[in-house]
Structures are given as C-alpha cells and as structure tokens.
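Asker: Using the hints provided, position chain B relative to the given structure of chain A.
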Amino acid sequence: MTKEALLMEETKDNILQTPLWGLHKNLDARMVEFAGYDMPVQYKNGVKNEHIQVRNKAGLFDVSHMGQVLITSINGGDPAIALEKLVPSDIKGLALGKMRYTVLLNEDGGILDDLIVTRLDERTLYAVLNASRKYADIDYIKAKIGDEIKITLQDDLALIALQGPLAEKVIMDTIMPEVAELGFMNAKYTDYRGADILVSRSGYTGEDGFEISVPNELAEDLAKELLADNDKVWAIGLGARDSLRLEAGFCLYGHDITENTTPVEGGISWTIPKHRRENASFMGANKILRQMKEGVAQKRVGLMPDGKAPIREGVEIFDNTGENKIGVITSGGYSPVLEAPIAMGYIAIDEAKIGTTVVAKMRGKNFSCKIVKMPFVSKEK
Amino acid sequence: MSTNTIYFTDDHEYIQIDEDGIGTVGISSYAQQQLGDIVFVECPNEGASFNVGEEVAVVESVKVASEIYSPVSGEILESNEDLDENPALVNEDPMGDGWFFKISIADESELEGLKDETEYQEYLEEIA
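Quick mapping for you: the protein sequence lines, in order, are chains A and B. All the letters of the first sequence, read from the start, carry residue numbers 1 to 381 under our numbering. All the letters of the second sequence, read from the start, carry residue numbers 1001 to 1128 under our numbering.
Source of the hints: derived by calculation from the structure; they are not laboratory data. Don't take each hint at face value.
Computed list of chain B residues with no C-beta within reach of chain A, every gap over 10 Å [to be verified]:
| id | residue |
| --- | --- |
| 1 | 1005 |
| 2 | 1006 |
| 3 | 1021 |
| 4 | 1029 |
| 5 | 1036 |
| 6 | 1040 |
| 7 | 1061 |
| 8 | 1075 |
| 9 | 1081 |
| 10 | 1107 |
| 11 | 1115 |
| 12 | 1125 |
No more than 20 Å apart at the CA atoms, straight line, and that leaves these computed lysine to aspartate or glutamate pairs for DMTMM-like [said to hold, decoys possible]:
| id | chain 1 | residue 1 | chain 2 | residue 2 |
| --- | --- | --- | --- | --- |
| 13 | A | 361 | B | 1055 |
| 14 | A | 274 | A | 306 |
| 15 | A | 188 | A | 156 |
| 16 | A | 44 | A | 242 |
| 17 | A | 169 | A | 225 |
| 18 | A | 25 | A | 225 |
| 19 | A | 308 | B | 1084 |
| 20 | A | 370 | A | 350 |
| 21 | A | 361 | B | 1067 |
| 22 | A | 150 | A | 108 |
| 23 | A | 25 | A | 13 |
| 24 | A | 150 | A | 139 |
| 25 | A | 365 | B | 1055 |
| 26 | A | 365 | B | 1054 |
| 27 | A | 353 | B | 1054 |
| 28 | A | 308 | B | 1117 |
| 29 | A | 365 | B | 1092 |
| 30 | A | 98 | A | 208 |
| 31 | A | 308 | B | 1082 |
| 32 | A | 44 | B | 1092 |
| 33 | A | 144 | A | 108 |
| 34 | A | 232 | A | 217 |
| 35 | A | 92 | A | 108 |
| 36 | A | 224 | A | 242 |
| 37 | A | 308 | B | 1054 |
| 38 | A | 365 | B | 1084 |
| 39 | A | 85 | A | 278 |
| 40 | A | 85 | A | 122 |
Backbone N, C-alpha and C define an ideal beta-carbon position, used for all residues, glycine too.
Bound-form chain A, shown alone (with noise of 0.2 Å):
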C-alpha cells in the first residue's frame, strides 16, 4: 500500500496550526496537511461515525484555516458596489445579517473560488474563502476592485462549525439562548465573555447548524464548551466533512468547480438572480450568459455506481456502449447513509440526463454507473 493511502502523518516544516490545534492532539486526531495547515482528518471513531454522528445529533469541526475577511469601502458607501463586479450574485440588496453563496469569476466566467458573503452594515461585508484560495482571492480582489474597496484578512479570528440536528439545542444551551430566531443564511453577533463573536446559520453538511467566528484565544475554550456533552457532540475532521458535503451535493472548490468550469456548467447559476443576467454587469457575464441561452457542452451530474466499488476523482466516464468518452469524476467516494458508493463529475449533455446508464473505467475493468439528482441525502424534518 501507498504512503498516501496510510494517511500517514505529516511531517512537514513551515505547517500552520489554527488555534484549536492543541485541542485535536488532545483528542488523539489523526493529522494530515490541508492547505498549509495541519488539520484533523479524524478522531478515534472513524469517518464513518463521525458521519453518522452529524446526520443523527451534532459535530464541530475546526475550519479556522478558511479565509475571513472584511471588505469596506474606500469612499464610505457600500462594498458591494464594487464587488458586484466579481461575483454574479445580489450582493447589493443584501439586508443587514443575511448571508449569500456565491463565487468569485475570472474574465472567461470561470469560478476563482465559492464563498459566503455576509452584510454585517451599510459599509462593511464579511466573506468566508476556501482555505487554499484565501490569498490568491484577496490579491484579485485588490489587483481588480482596490481602488475601490479595502479587504482585511481577520487571521486573528478561528471559525467553529457545529452541525446537525442538535446543533441549535447545543448552541441555545450554551452561547445564545435566543438562537432559535436565527433563520437559515442569517447571523447574528452574540456576547462570549465579553467578546463579540459572530454566529451564523449556515454549513456545509446539508443539516441544520452554525458557524461561529471568535477571538483565537477564545476559540479552545468556545469548542470545549460546545463538545463539554460528548453524547451530543463530537469533534469531526476532514475526512466526515468531506463526505457529508459529498451526500449533500455540495462542490468542493478546485475538484468540482475550478477555474476552467462556468457557474452554469457548474449546476449553479441559481446563484446568478434575474436583475443580474439582463445587466450583465460582472466579470465573464458574456460567456456565462451565452451558456444560459445557447446551454453547454458538459454540466455537473450525481452519479451512483451500481456495484459497491467507489469510483474517485480522476476516473474517465464512458457512454453506455463503452466506447465513447463522455466526460470524468471530479469528486467519488462512500456514503455512509446510503451505505454505497456516489460520486459527482462533469458529463456531456446528451448523457447527462437523469436515469442514463453511463460506464466508469476503472483498472481495467468497466463499472455500470447511473445518472441520478442530487442531494443524495437530504435531511427529512
């Protein structure tokens, strides 16, 4: 077997740690590199339980390697002005503490990075970045619209997320009674020992929960505080939070949308609204509106394979003769609810429909795939 394979441990020198490092020693995590960081891939239960421990009650997880930044304007009036120009979502008519998905466009349409971008006043916007993009993010941002606007990385802040279906009852019991009159995409700064901190109803797991941003030297006694029923929640690291977003559909920046792949190929144009389309005002706006109206050559699909072997990233899709390659997975693996395997990747239109019968070549060997709708498990409430 391959080093690789073992998740052996990280070596590395110059590895970063976020402020609940010492936590996941504690914890016994297994810890891998990810983004110049050193983060848990899992704890002692597994991925497997960890998984099933979102779905059924709560997890925390560390992402304090994301990117948060504050974005203001240069002149006093409203950042979104200007960051209209880079991303295709309403961000303008975003009201104060609500939160919206959207991605982060080159000149060709092509996606730089998915991020959530918060309203916390007239003047300022928060935005959370993929780790390994944050600082390729910020010198775009600044290189096309800083003349304009200022973008501030907080790295003196670490972000908790806290997900499942018990996570609102944790968060109530512990930080902010009043938690239950956040809704979905909303936050909401709450006092912690004399600290603002900021909660936000979001995730990215397909269940309900949080994500709270703090001081650093707030942060280990925040996550102790929440994990403090060890019934209730469980620390999770990458490995559960990667399968989850996985069963929930979500893209995983730089496998299932990239910079050669449009927001339409992408599957998600819904963040792209109506005012924006006929304005046409942001960066790629001619290539993405002529996908919308012309439609494209390949697009995002589920796929599940119909044996119990996982068909990863990487893997070549043929059409059912066999013969003709139609298109590649960009993300694969297990879900452990479904107990089988599923997989997302770009597919050519004329195959992609749901319910088509696609192959996987994988060692050799052909594996019957079908074209299915994502999530592949939602939660039922």
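Answerer: Chain B only, in chain A's frame:
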C-alpha cells in the same frame, strides 16, 4: 519452512503460511487502523496468477483507494467472499476473518525477502 508462520511486507500486507504451504494474504492491523473504515475490497479471481510485487487487490476506505501488492508469486486459490457483503471485517479482524485471498507459493525463497513478526514490529516503531 516452519508451519504457521507469518510474514509481512514493507507495504503492510501479511502472508500467513499454513501446514500445506498455502499462503493467506491480508493487511496488517496497523494498516487497517491507518486506512480507517474500509468500505470495499476488490479481490483477485480464483485461478489468476501474480508475480511478487504485482498489484493483486484493491482496498477502499471512505477516503481513498489503495493497491495491495502480492507478497509472493503464485496462483490464487480462493478469495474471501465474505468481504463482498462485509468489508468492515478487515477493520474488525484483519489477521483473521478479514483475510483477502489464499495463494499457492511458487517460490519459497521469496519469503526470505519478507519480515517476520519481530522485524515487522521493529519496522513499525521505526516509521512511527
């Protein structure tokens, strides 16, 4: 060759030799622990022949696929069909019910290149 002897590769496969000189191959306890939850094992077909070091099986955890290399040259006599229904046997009992396949040993001298149990334990301490 002594009976009921177990050998290990540097890649964490084991081969247990029974009194008839048949080898049972699987992955070590250390390997299953490092891989995490195993969700699928692709075993070789009976009657197929493999050379030492050749890719013979695949084990998949939630996260990754990992190749299994044959510790010896020989012919596959039996694959563990229980793994089709219950791949978690590899986690639960890697050196017992979680075996992958049985192989005839074409050249006993190949075993000399493998580690015995003591050497493997020392090796694990080295790489830890």
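Asker: With reference to the structure, classify each hint as holding or not holding.
Answerer: Quick rundown of the hints versus the structure:
1. 1005: For residue 1005 of chain B, whose nearest Cβ neighbour in chain A is about 22 Å away, the distance exceeds 10 Å, so it holds.
2. 1006: Check passes; 17 Å lies beyond 10 Å.
3. 1021: The claim stands: residue 1021 of chain B keeps its Cβ more than 10 Å from every Cβ of chain A (closest is about 26 Å).
4. 1029: holds, 13 Å
5. 1036: About 5 Å separates residue 1036 of chain B from the closest Cβ of chain A, which leaves it inside 10 Å; violated.
6. 1040: violated, 5 Å
7. 1061: Its Cβ does come within 10 Å of chain A, the nearest being 8 Å, so this is violated.
8. 1075: holds, 20 Å
9. 1081: holds, 13 Å
10. 1107: holds, 23 Å
11. 1115: With a cut-off of 10 Å, residue 1115 of chain B remains clear of chain A, as the shortest Cβ separation is near 15 Å.
12. 1125: For residue 1125 of chain B, whose nearest Cβ neighbour in chain A is about 15 Å away, the distance exceeds 10 Å, so it holds.
13. A:361 with B:1055: holds, 17 Å
14. A:274 with A:306: With a Cα-Cα distance of about 39 Å, the restraint between residue 274 of chain A and residue 306 of chain A is violated, given a limit of 20 Å.
15. A:188 with A:156: holds, 19 Å
16. A:44 with A:242: Between residue 44 of chain A and residue 242 of chain A the Cα gap is close to 17 Å, so the pair holds against 20 Å.
17. A:169 with A:225: Given that 20 Å is the threshold and the Cα spacing comes to 13 Å, the pair holds.
18. A:25 with A:225: holds, 17 Å
19. A:308 with B:1084: holds, 8 Å
20. A:370 with A:350: holds, 14 Å
21. A:361 with B:1067: holds, 16 Å
22. A:150 with A:108: Distance ~25 Å between residue 150 of chain A and residue 108 of chain A Cα, so the pair is violated.
23. A:25 with A:13: Satisfied, since the Cα-Cα distance of roughly 18 Å is no more than 20 Å.
24. A:150 with A:139: Given pair residue 150 of chain A, residue 139 of chain A holds - Cα atoms ~11 Å apart, limit 20 Å.
25. A:365 with B:1055: Given pair residue 365 of chain A, residue 1055 of chain B holds - Cα atoms ~14 Å apart, limit 20 Å.
26. A:365 with B:1054: holds, 17 Å
27. A:353 with B:1054: Not OK: residue 353 of chain A and residue 1054 of chain B at ~39 Å, beyond 20 Å, violated.
28. A:308 with B:1117: violated, 33 Å
29. A:365 with B:1092: Violated, at about 29 Å.
30. A:98 with A:208: holds, 16 Å
31. A:308 with B:1082: holds, 14 Å
32. A:44 with B:1092: holds, 15 Å
33. A:144 with A:108: The given pair, whose Cα atoms are some 15 Å apart, holds under the 20 Å limit.
34. A:232 with A:217: violated, 25 Å
35. A:92 with A:108: Given that 20 Å is the threshold and the Cα spacing comes to 23 Å, the pair is violated.
36. A:224 with A:242: With a Cα-Cα distance of about 23 Å, the restraint between residue 224 of chain A and residue 242 of chain A is violated, given a limit of 20 Å.
37. A:308 with B:1054: At roughly 24 Å apart (the allowed maximum being 20 Å), residue 1054 of chain B and residue 308 of chain A break the hint.
38. A:365 with B:1084: holds, 17 Å
39. A:85 with A:278: holds, 14 Å
40. A:85 with A:122: holds, 18 Å
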